[in-house]
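**Q** Given next are the chains, with one letter for each unit.
Protein chains: 2
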Amino acid sequence: MQQTIRGADSNHRIVLAARPQGLPSVQDFRLEQTALPAPADGQVLLRTLYLSLDPYMRGRISESPSYAPPLALGEVMVGGTVNRVVASRNPKFREGDLVLGNAGWQQYALSDGMDLMPIADTKHPSHALSLLGMPGFTAYHGLLKIGDPQPGETVVVASASGAVGSVVGQIAKLRGARVVGLAGGLDKCRYVVEELGFDACIDRHDPQFAQLLAEACTDGIDVYFENVGGAVFDAVLPLLNEHARVPVCGFIAHYNDLGLPSGPDRLPQLMSALVYKRIRMQGFIILDQYEEGFEPFRRDMGAWVADGRVKLREDIVYGLDNAPAALIGLLEGRNFGKVVVRVADE
Amino acid sequence: MQQTIRGADSNHRIVLAARPQGLPSVQDFRLEQTALPAPADGQVLLRTLYLSLDPYMRGRISESPSYAPPLALGEVMVGGTVNRVVASRNPKFREGDLVLGNAGWQQYALSDGMDLMPIADTKHPSHALSLLGMPGFTAYHGLLKIGDPQPGETVVVASASGAVGSVVGQIAKLRGARVVGLAGGLDKCRYVVEELGFDACIDRHDPQFAQLLAEACTDGIDVYFENVGGAVFDAVLPLLNEHARVPVCGFIAHYNDLGLPSGPDRLPQLMSALVYKRIRMQGFIILDQYEEGFEPFRRDMGAWVADGRVKLREDIVYGLDNAPAALIGLLEGRNFGKVVVRVADE
Chain A
1 MQQTIRGADS NHRIVLAARP QGLPSVQDFR LEQTALPAPA DGQVLLRTLY
51 LSLDPYMRGR ISESPSYAPP LALGEVMVGG TVNRVVASRN PKFREGDLVL
101 GNAGWQQYAL SDGMDLMPIA DTKHPSHALS LLGMPGFTAY HGLLKIGDPQ
151 PGETVVVASA SGAVGSVVGQ IAKLRGARVV GLAGGLDKCR YVVEELGFDA
201 CIDRHDPQFA QLLAEACTDG IDVYFENVGG AVFDAVLPLL NEHARVPVCG
251 FIAHYNDLGL PSGPDRLPQL MSALVYKRIR MQGFIILDQY EEGFEPFRRD
301 MGAWVADGRV KLREDIVYGL DNAPAALIGL LEGRNFGKVV VRVADE
Chain B
1001 MQQTIRGADS NHRIVLAARP QGLPSVQDFR LEQTALPAPA DGQVLLRTLY
1051 LSLDPYMRGR ISESPSYAPP LALGEVMVGG TVNRVVASRN PKFREGDLVL
1101 GNAGWQQYAL SDGMDLMPIA DTKHPSHALS LLGMPGFTAY HGLLKIGDPQ
1151 PGETVVVASA SGAVGSVVGQ IAKLRGARVV GLAGGLDKCR YVVEELGFDA
1201 CIDRHDPQFA QLLAEACTDG IDVYFENVGG AVFDAVLPLL NEHARVPVCG
1251 FIAHYNDLGL PSGPDRLPQL MSALVYKRIR MQGFIILDQY EEGFEPFRRD
1301 MGAWVADGRV KLREDIVYGL DNAPAALIGL LEGRNFGKVV VRVADE
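Taken in sequence, the protein lines are chains A and B.
Read in order, the letters of the first sequence correspond to residues 1 to 346 in the numbering used here.
Read in order, the letters of the second sequence correspond to residues 1001 to 1346 in the numbering used here.
You can trust all of the hints, since none of them are fake.
Result set (EDC-like, lysine to aspartate or glutamate): computed pairs, CA atoms no more than 20 Å apart in a straight line:
1) B:LYS1277 x A:GLU291
2) B:LYS1145 x A:GLU242
3) A:LYS145 x B:ASP1148
4) B:LYS1277 x A:ASP288
5) B:LYS1277 x A:GLU63
6) A:LYS145 x B:GLU1242
Chain B stretches covered by chain A per the calculated footprint, using a threshold of three residues with CB under 8 Å from any CB of chain A:
7) 1261 to 1267
8) 1284 to 1293
Simulated from the structure, these hints should not be mistaken for lab results.
Quick reminder that beta carbons are idealized off the backbone N, C-alpha and C, glycines included.
Input sequences plus hints: build the corresponding full structure.
**A** What follows is the structure in C-alpha cells.
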C-alpha cells in the first residue's frame, strides 16, 4: 500500500555511514531515500516536525562502552522527535495528534504507540524536546537530586547557554543559590547573565579563564554541574569547597577522544581532592529516572515555563539534511542554545 | 620542677627535620632529647605505650593542600597514642589511668585532658588505635554509610591485610556480601582468605592482576573501597557495575608523588564510567564523623571484636626510634597488618 501523505510519496532518512574517528565528519552520515512506510494494524505513521540534537548522540555512534549498544552501520540515527500522526491504525491515536516520539533522523517513521507521549498543540511544541523534555529533566534531576544546592551556596554550571546548562542555572537561582555560568564566547556570556539571570558568566576561551573563575567564586564552589570535562574541570577542582557535590551528566570535551588523552594523569589529583574536601561525584543517566521522577518534574517545570521563570533559547536548523553538520557544530560548541532541527513545518 | 618518673628524667621525641620529596627517608626525621616536661595546674603528664602509624601521616608532612595545615619543620610528628597517666594535676585523671591520646611521636607529653578518652585496661590496649579506633571507624563508616553493601553484592577491598581494609572486608562479610581482597604478596593473600574469611584475595603484584581480579568478580563489582589508587584502580574501573559505590578514603599509591604523574590522563575515562555506569564516588575524612558516628561504631565493633567476628593482625615495631623506618615501610606496603610502635612496656 502506497498512501499519499499530503503529497509525500517517499521518506528521507539519515543513517550512520561510517564509524567516526574523533570528531565526526559529514561523510560519516548518509542521506537515503526510501519508500514511505505504511502502518500495519496497531501502528501509526508519524511525520517528524522537530528533531532534537543532543551530545549523547556522539556516544551512540561510538564503539566505546556505553549505557546502550552502539548504533550499527547503516541504521537510522536515533533522536527524540516531535511528530504529527499522519495515519493511524492504532485506536489510541488519531490523525492530527501531536506526540513526543523517537523517530530519529527521518521524515517519516512507524510506531506501535508504546514510545509515544501526547503533547499539547502549543505555540512551542519543540519545548517537549528541551525545557519540558529530556534536557530539562536532566537539569532538574541532576541539580536538585544530586547537587542539592542550598540558598547562598555557589553553583557553577558548564555549557551555561546550552540546553541543559541554561536550565540548571535558572533552577539554581530559583533555589536561592548564587550562579556562575561558563560559556564559549562573550555573546553567550552576555545572554546567560542578561537574559537568563545568572550572577556571572565566564568565557571559557579567555586565556585568564581560571583566574576569572576564581574571582567570580570568592566563596568557592559548592555544586559543579559537570557536562563538559576538559580544561574547565581543571579550573573548577581547586575551587570546590568541602562537601561539594558534582553531578556528572556528560563530558562533551572528550566525546571525540581517540583512546586516553596524553598526560599528565589528573586522576590522582582528583582522588586527593575527593578525600580532603569530602567531595561527592555522581554520574547519572536521565533515562533511569523517568518512571519515578518525570511527573514531578513536568509539574514544576510546566509552572516555571508558563510564568516565564525558566526559559531557553532555541538554535533552530532548517532541513533534515543539515542535521549532520549541526550535530558536529554542537560537539564543537558552535551552537547557541538548544539545537533543534525543523524537519517539516506541519 | 624535674620530677623523677620511674627512672626517666628526659623525653625522647621525633620531629620533622626536612620536608620529604617523594618517599620520605629516615633523614627527614630527627630524634631529639629534651627535659621531661612537668604538668602545670590542670594538666597531666602522659607516657606513651603505643603509637599508631597511619598513611594519613604522609599528607601531614607534605606542603600540598590537605584537610589540616602541614606540620612545620621542627615540630613533633603527630599521631594517635595509647598513654599511661604518670602524673596528674587534673582532677579528671589519676596516675595510672590508661587513655587514648594524641601525644605524637614522643615518650612523654603533656595534655589538658580535653583530647583524652579513657580506655579499659584490657589485654589489648592497642586495639584502641586499630579495631576500636580510627582505622576501624574509617572502615565501618566508609563501608556502611557510603558503600552500603547489600547481601549478595560483590565488595572489593584494597589493602586487604591492612588496618582499614581488613576490617572493611570482615564487616562486608557480616553484611552478607561476597568479598574480594587485594593485597601485596601471596602471604598476605593467604592470611586474608584463611584468617579473615574473605572469599578471595588477589596479589596486586601478580603480572596477571587485572585478569585474576576479573575472574574473581564474575558478577562485577558493586562496592570498591578505595584506599590505594594507582594501578589497582585501573583494574577495578572496568569491572564496576551500574550504580556502583566507591568510598574514597585514601590513595596511598600517590602520597609520594611529586606533582602530577605522567600520562595518559585517566580522568576522562573515569568521568565516562561515572556517567554510563551511574557511579557514585565519595571522599570522606573520618575526623568529621566522630561526633555523630563514633558511639554506634564503638557499640557494634565492640561486640564484633569481643566475640571474635572481627579481628586484625598487628605489626608491632619496638622502640620509638624505629618509627621513621616503619612509616616509610607502611607507605611502601611492607607492613603486614596494623602498624603500631611499642614505645614503652608500661
